[in-house]
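**Student:** Residue-level listing of the chains:
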Amino acid sequence: MDNSYVPIRMRVEKIAVEDPERNLRTYDLAFEDEDAGKRFNYLPGQFCEMSILGKGESPFGIASSPSEGDLLKFTVNRAGSVTGEIHYLREGDAVGIRGPLGNWYPVEKLKGMNVLIIGGGFAFTTLRSLLVYLLGSRGDYGDINVIYGARNPDLFIYKNEIEEWRTREDMELHLTIDSPVDGWSGMTGFVPSVTGELAPGQENTMAIVCGPPIMIKFTLPVLTELGFPDERIYTSLERRMKCGIGKCGRCNIGSRYVCIDGPVFSLAQLRNIPEAF
Amino acid sequence: MSEWQPRILAILCNWCSYAGADLAGVSRIQYPPNIRVVRVPCSGRVDPLFILKSLQAGFDGVLVSGCHPGDCHYISGNYVARRRFAILKPLLEFVGIEPDRVQFSWISAGEGERFATVVTKVVEDVRKLGPSKRIVKKA
Amino acid sequence: MYRLDKGRFDEFIRLLGREYRTYAPVRTAGRTGFAIVDSAGMIDTDVLVTDMSPKEIFFPPSETLFRYGRNGIKTDEVPERPIAVWGIRSCDVRSLSMLDRVFGSAVQMPEDDRFKDPYWNHRYGSSLLFGSACIDPSPTCFCNWFGGGPFNKDGMDVFTVDAGEYYLLEPVSGKGQEFIGGLACLAPAGESELDLVSAIAAEAASRMPEEEDLKEAGRKLSDIFDEPVWSELSAKCVNCGACTFCCPTCHCFDIQDESQGSEGRRVRIWDSCMFPIFTREASGHNPRALSKERVRQRIMHKYSYSLENYGEFLCTGCGRCVLVCPVNLDIRDVLRRLLHYRAEGKCNG
Amino acid sequence: MNVTAKLRETIRELFSADKVDVFLAWEEGSLPMSSTPLFITDGAQADRAIFDPRCGNNLSVYFTKDSRQFRGKRVGIAVKGCDARSLVLNIQENQVLRDMVVIVGVPCNGVIDGKKIRRRTGGKQVTEVMENGDSVTLKGPEFSITLDRSEVLSSSCLRCVHPDATEYDVFLGEARAEVGNENRRKALDEVEALSSAQRWERTRKEYEKCIRCYACRNVCPSCYCSECFVDQNDPQWIGGTCDVTDTVIFHLIRNLHVAGRCVECGACARACPMDIDLLLLNLKTAEEIKKRFGDTAGIRIDGRPVMAEFREDEKQEFIMG
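Chains as they are written, first to last, in this note's numbering: chain A, 1 to 277; chain B, 278 to 416; chain C, 417 to 765; chain D, 766 to 1086.
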């Protein structure tokens, strides 16, 4: 029998510091055991429990796309004891992961549709995975529109890639920051209002939203107002988790467990859950 | 195998007892090498939890030392600590932790000699008790 | 049905011990719980509802998931002999079946190995359960609310009745039949013995409380999710974990690491939805920060969410939480209050 | 008029004079010999209130728990001697404003510990409990046991020296001052007669039972840290398992955190589902504090709790010479 509590051993291949305060770092992890890597099949939106032996585990969305190769990418914000310890890791160090856990963005349903990706802050991780995935087989999808907001320009993650996405002709990227800053050429304003201003068409479009709870809360009604039906709005939720396999009892929202029934939910599903927002 | 040696954790206040230990060192006063020192700002900083945790982690004894009454750098830290120790010690004895494993002293920055004497006494007391077993956590 | 004379009970327990690690109710310093026994003399045969529930046998308060150190990760060896339990009550047997729905696999993906909890499965999967009929139900028993009863045999391998001078044993599962089938210390039971059992069963059934209609419980509870009644009910709860720790079906847990130097172990320990830190995130955000939200979670989880997820309640009516609650927040009263909330006309709809 | 009748009368008066927004008392519980906390918000509910030996809950706990549900409200509260001391301590520690509470003292002769009853009956069905002076009769369908009252009283009550409130606005009867109680010394002597190794054996056996449910902490009116040291994880001070060294350290440190603040109401011991004799450590510490510093928790309403105070000339024979 598989033992889902035992982490897979990974090696830190590369660390990128994402912000000047050095609170956000992106880790590229390689499988130590090739077979384990082959068995690890995932899709954008899924997450892993990252394990520091002696400190514990924390859940992180997978930021890489399976279309990119064998490395797994995670972006970690320093917040608690486990994330603090992860920030001490150096390239070459060992780390454990358990996963892939949870469900994924509806990539099959997206085929032939336009995609509107809306993200905020350092929650852009699984959205990066999705975007890279879509761009990897670009022909399968219609228009790709991305709205990405951060408190200030420093707090966008994956800045190098943002530069590349900006110049691409086969997608639209709208960056926005909360309040004006000298030298900022993008948009200003919170994600929900920017979404309203840009008023992307809902026809044959699927909206995928991920960000801080408050951003999600205010963005979903904007999408509804723009005419998106509940079945074409997806969002990814976060809760404190331990086991990741639907047993330990803390991540539920109503009867749904974020770790196995989520983290990706359609608004249609969430409408039936009393405490979703 | 070599003879068992007690391991003692010494929690010393920054302003007096740590300086006293320092003086013992620079004055080349001999004392047993069985102690490991943790420096804290004041004996008032010493939570009984630190002491119990040290014993749990396998230290055979704990010495806590601060400034003499009246000399506290923070005016009254050691007085508050004294009340705490005054009830901690009988409580530990009450539950069956050998009293000599946890000891308190006041050592000033000028008392290098006294530091050596205190450490020697603590090490000898703990040596008599043998290895700590009661509140030590097994892996 | 077989008859086991009490004079040969010790022989029976010893036989059982050859193949199984045998657990039974044991009384230590006035407290009762399940412990390994190797003779009949150690067993407390009178206790109805043990203070600690038998979930501790299969899902201990703390257990090692694996050990780590310089040489990597190692899981502990699984003991060879499977577990047998003697003297487990009907409600508690059912609670184990319920826990098996949670730990055995994921209902959503029953075939997916990733959701099978190996620690639970190696203990529960091969266990042999000797359930006991409840001859003398207590005033805190309410198993009949949930389709149980003092003589309910669901989930047992062998059903046993204490008939005074002897025990009557009835195999329920194939595994149970296989074990007791050829035992020399058992004799086939006769007519008079079976009549006695029926009489005892009727007497026990008469002691059960009036049933509460729980047919619509899941929906009724969902409907009043946002009503103020939850604040009223939770006002006196002090959010300790006594109810959840003594509950035979509560199974929330935490995972922690315990290190000594470079060696250590990852442990699973019981946790409780009553504790505020249970759901508090590293950012400080807590989706169930209020006592009301936590009490509601406990009730909803047992009587509403579980129906949706597992098709049954996560409560067997054993009454332990009623006994241990330090503020006498009686779950039966709570349920009655909630289920009749709309009927009282306190809200529209 | 019995105490219950007087209590109800007092509650009605307080509401009709608009002196309180809520009144904390006890009402009949769901089990034989049990009571449950009652929050009265309307004088008309006064007739639900009771006071008798079933009323063990220390209601002061509701002032300090995280919900702080009575903040800003004028609260009336019925208190036994120990409960009153908890409240005094809460006032001393600025958790409760004296002006915002109306303290109603009730004369207490000890409360019954339901667990002791269950232990005596082996968990059998008790349908009726009758008190008659110093004896208590427990009746079930097939049995009847008569016990000495002391066998079913809460251990804290057997060692009580302040049966009645020391601070109150109304007292329903005649409040007694401090009484002597030799049970305190006896309980300590029993342990102190043991060798160090025997004491540890005793401690280990007792605290091995702990399942870490934290009922003791949560029912304690003096335990109100917004984050308990056992819940801290950075650093994590003590392990979360039922390893006996961790449980002993938890209980010792909790004991020290409530040193000079514990009123020995016995709520922790009555709440413990594992029946750990939690009170003994509290007794030891309380006696030590009384002996050394001449202070008892919850008696003074002014100044600071004893462990936050000091005198320069205190005895310090435990400091190495």
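Hints listed in this document are in silico derivations from the structure and should not be mistaken for laboratory results.
This one's a predicted model, so the numbers in the text were calculated from it and none came from an experiment.
Ideal placement from N, C-alpha and C gives every residue a C-beta, glycine not left out.
Careful, some of the hints might be misleading.
What the hints assert, rightly or not - In silico lysine-lysine, DSBU-like type, Cα no more than 30 Å apart, as pairs: (1) D:Lys838 <-> B:Lys366; (2) C:Lys569 <-> B:Lys415; (3) D:Lys974 <-> C:Lys490; (4) D:Lys1056 <-> B:Lys366; (5) D:Lys970 <-> D:Lys1055; (6) C:Lys569 <-> D:Lys951; (7) B:Lys398 <-> B:Lys366; (8) B:Lys366 <-> B:Lys415; (9) D:Lys784 <-> D:Lys881; (10) A:Lys109 <-> A:Lys159; (11) A:Lys159 <-> A:Lys217; (12) D:Lys838 <-> C:Lys708; (13) C:Lys708 <-> B:Lys414; (14) B:Lys410 <-> C:Lys490; (15) D:Lys830 <-> D:Lys1055; (16) D:Lys830 <-> C:Lys708; (17) D:Lys1055 <-> B:Lys366; (18) D:Lys1080 <-> B:Lys398; (19) D:Lys970 <-> B:Lys410; (20) D:Lys1056 <-> B:Lys398; (21) A:Lys14 <-> A:Lys38; (22) C:Lys631 <-> A:Lys38; (23) B:Lys410 <-> D:Lys974; (24) A:Lys217 <-> C:Lys708.
What the hints assert, rightly or not - Cβ-Cβ distance ranges computed for the label pairs, FRET-style: (25) D:Glu939 <-> B:Val314: 57 to 65 Å; (26) D:Pro1000 <-> B:Lys415: 14 to 22 Å; (27) C:Asp528 <-> D:Leu959: 26 to 34 Å; (28) C:Thr491 <-> D:Glu858: 42 to 50 Å; (29) B:Arg313 <-> A:Ala79: 44 to 52 Å; (30) D:Gln860 <-> B:Val314: 24 to 32 Å; (31) D:Thr892 <-> C:Gly606: 29 to 37 Å.
**Student:** Work down the list of hints and note, for each, if the structure agrees.
**Tutor:** Results of checking the hints against the structure:
1. D:Lys838 <-> B:Lys366: violated (42 Å)
2. C:Lys569 <-> B:Lys415: Given pair Lys569 (chain C), Lys415 (chain B) is violated - Cα atoms ~42 Å apart, limit 30 Å.
3. D:Lys974 <-> C:Lys490: holds (29 Å)
4. D:Lys1056 <-> B:Lys366: holds (14 Å)
5. D:Lys970 <-> D:Lys1055: Given that 30 Å is the threshold and the Cα spacing comes to 28 Å, the pair holds.
6. C:Lys569 <-> D:Lys951: Outside the cut-off at roughly 51 Å; violated.
7. B:Lys398 <-> B:Lys366: holds (18 Å)
8. B:Lys366 <-> B:Lys415: holds (24 Å)
9. D:Lys784 <-> D:Lys881: Not satisfied, since the Cα-Cα distance of roughly 39 Å exceeds 30 Å.
10. A:Lys109 <-> A:Lys159: Given that 30 Å is the threshold and the Cα spacing comes to 29 Å, the pair holds.
11. A:Lys159 <-> A:Lys217: Cα-Cα ~26 Å, so holds.
12. D:Lys838 <-> C:Lys708: holds (19 Å)
13. C:Lys708 <-> B:Lys414: Status violated; Cα separation ~38 Å.
14. B:Lys410 <-> C:Lys490: Since the Cα atoms of Lys410 (chain B) and Lys490 (chain C) sit roughly 27 Å apart, the hinted pair holds (cutoff 30 Å).
15. D:Lys830 <-> D:Lys1055: holds (28 Å)
16. D:Lys830 <-> C:Lys708: holds (13 Å)
17. D:Lys1055 <-> B:Lys366: Holds - the C-alpha atoms of Lys366 (chain B) and Lys1055 (chain D) are around 15 Å apart, at most 30 Å.
18. D:Lys1080 <-> B:Lys398: Within the cut-off at roughly 22 Å; holds.
19. D:Lys970 <-> B:Lys410: Roughly 15 Å between the alpha carbons, so the hint for Lys970 (chain D) and Lys410 (chain B) holds.
20. D:Lys1056 <-> B:Lys398: holds (29 Å)
21. A:Lys14 <-> A:Lys38: Holds, at roughly 20 Å.
22. C:Lys631 <-> A:Lys38: violated (48 Å)
23. B:Lys410 <-> D:Lys974: holds (20 Å)
24. A:Lys217 <-> C:Lys708: holds (23 Å)
25. D:Glu939 <-> B:Val314: 57 to 65 Å: Given a distance of about 59 Å, which is inside 57 to 65 Å, the answer is holds.
26. D:Pro1000 <-> B:Lys415: 14 to 22 Å: Check passed, 21 Å falls within 14 to 22 Å.
27. C:Asp528 <-> D:Leu959: 26 to 34 Å: Because 56 Å falls outside the window, the suggested range is violated.
28. C:Thr491 <-> D:Glu858: 42 to 50 Å: holds (48 Å)
29. B:Arg313 <-> A:Ala79: 44 to 52 Å: Violated, at about 32 Å.
30. D:Gln860 <-> B:Val314: 24 to 32 Å: violated (39 Å)
31. D:Thr892 <-> C:Gly606: 29 to 37 Å: holds (36 Å)
Checked against the numbered hints listed earlier, the structure breaks hints 1, 2, 6, 9, 13, 22, 27, 29 and 30; every other hint is satisfied.
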